[in-house]
Amino acid sequence: MNFLRKTLPVLLVGAALGVMLSVGGTVLAEKDRASSSLPLEDLKAFSEVFGQIKASYVEEVSDHDLLENAIKGMLSGLDPHSTYLDKKAFKDLREGTRGEFGGLGIEVGMEDGFVKVITPIDDTPAFKAGVEAGDVVIRLDEKPVKGMTLSDAVKIMRGKPGTDIVLTIIRDGEPKPLKISITRDVIKVVSVKHRMLEPGYGYVRIASFQTRTGANLNEALSQLKKESENNELKGLVLDLRNNPGGLLNASAAVSDAFLNSGLIVYTEGRIEQSKISFKATPGDVLQGAPIVVLINGGSASASEIVAGALQDHRRAVIMGQQSFGKGSVQTILENNKGGAIKLTTARYFTPSGRSIQAEGITPDVVLSKVKLEKLDDDFISIKEKDLTKHLENPDGEEKEAKKVDRPISDDYPLNEALNLLKGINILKK
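Using our numbering, read the sequence shown as starting at 527 and increasing by one per residue.
Hints were generated in silico from the structure; no laboratory data involved.
One or more hints might be untrue.
[Unchecked claim] With a straight-line Cα cutoff of 25 Å, these simulated DSS-like cross-link-like pairs (lysine-lysine) come out:
1. Lys752 - Lys719
2. Lys669 - Lys681
3. Lys714 - Lys614
4. Lys719 - Lys705
5. Lys863 - Lys614
6. Lys751 - Lys955
7. Lys895 - Lys705
8. Lys686 - Lys705
9. Lys672 - Lys614
10. Lys613 - Lys570
11. Lys681 - Lys570
12. Lys719 - Lys702
13. Lys955 - Lys760
14. Lys702 - Lys613
15. Lys955 - Lys752
16. Lys714 - Lys681
17. Lys617 - Lys686
18. Lys669 - Lys719
19. Lys598 - Lys705
20. Lys654 - Lys714
21. Lys681 - Lys705
22. Lys681 - Lys617
23. Lys686 - Lys669
24. Lys613 - Lys752
25. Lys702 - Lys895
26. Lys672 - Lys705
27. Lys669 - Lys614
28. Lys751 - Lys948
29. Lys719 - Lys654
30. Lys948 - Lys752
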């Protein structure tokens with residue numbers, strides 16, 4: 527296959543090529559082919575096998591299919607993120623970078639021959655149907671996943687909006703496989719959402735890193751400031767939970783928004799062109815206001831870059847659970863038939879030189895998976911004034927404690943993040 531010396535005009539990092547966008551890469555130049563000789567004996571063996579299949583396989587197979595399958599095999603044997611993209615798969619990936627595509631709304635990878643869910647995307651059919659990060663898909667409708675390539679599995683999961691597919695999954699803690707029916711839809715990923723948690727305390731949720739994520743973040747922060755006293759935020763919760771990654775450039779832009787200087791991320795590979803670094807530019811949009819970043823096992827790659835950069839620069843407190851641990855960078859190389867290969871070409875490192883590959887980001891504050899619930903309204907707690915012969919208040923008549931009308935959320939990590947921001951501000955006074 528004659529590959530064009532051409533790449534996507536963006537840098538991509540993500541968990542794995544899935545029903546959404548996944549990984550991407552750096553500019554890659556072809557190696558000097560003259561510096562290495564062809565493995566003639568291996569090529570001879572390949573030719574012999576090719577001829578044997580052509581002559582003896584139970585059904586006739588075209589040269590095109592055999593060669594394309596050979597290419598798929600070469601890539602799938604390297605690592606979980608290198609793969610062959612036919613014309614349709616390549617088109618789907620490019621649509622994913624724009625934040626709109628068809629399918630289920632899950633980010634997936636391969637593990638031990640099965641499809642593993644990295645994370646369901648916010649407000650998508652898979653998310654609403656109850657698919658969870660860490661689920662292992664063993665069947666797609668009635669087709670066993672074992673033996674499929676990741677691209678083949680993705681093709682089956684994609685389909686016409688309105689059509690159904692049944693995922694048979696294995697989930698930790700469940701005694702037997704679960705069957706989840708999902709109706710396909712056009713997936714429109716809203717990269718950035720925002721709202722006020724309490725006066726002065728903002729919340730920004732980044733679901734994935736797309737072309738305009740950096741700009742959308744700045745717009746969200748500007749709006750939150752307008753809603754705050756003196757046009758300033760006292761603190762921010764940056765929610766990167768279940769964020770599978772996306773564009774490396776976008777993750778650098780998000781990190782840069784909160785940093786005044788220093789390294790954000792750098793990549794290293796075997797060739798010079800795979801070595802890239804991003805540095806922060808002057809200007810912290812929050813002017814030093816405290817930040818808590820929420821992560822979990824579904825936070826991968828580009829979201830880990832942001833968490834790692836802010837953690838290394840001590841600009842934010844990282845809270846939650848260990849992140850996914852996707853620390854490699856892929857390059858998209860187009861071919862002359864409209865398809866492409868996605869090839870792992872580098873590893874990325876946090877500012878302090880940490881590789882999070884297969885390790886992930888360790889939170890500064892680790893939270894367990896718990897659910898916060900409100901006590902029943904008829905529950906009455908006993909206070910000092912209810913005790914017999916309690917001492918009277920020396921200042922005079924006892925007064926009822928003022929009730930604070932504050933809605934409680936069942937999002938335990940978010941509540942803890944807000945409490946931490948308040949505590950930081952108390953200590954600063």
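### Message
I'd like to know which numbered hints this structure contradicts. Please list them from smallest to largest.
### Response
Hint check: 4, 10, 11, 12, 14, 18, 19, 24 fail, others pass.
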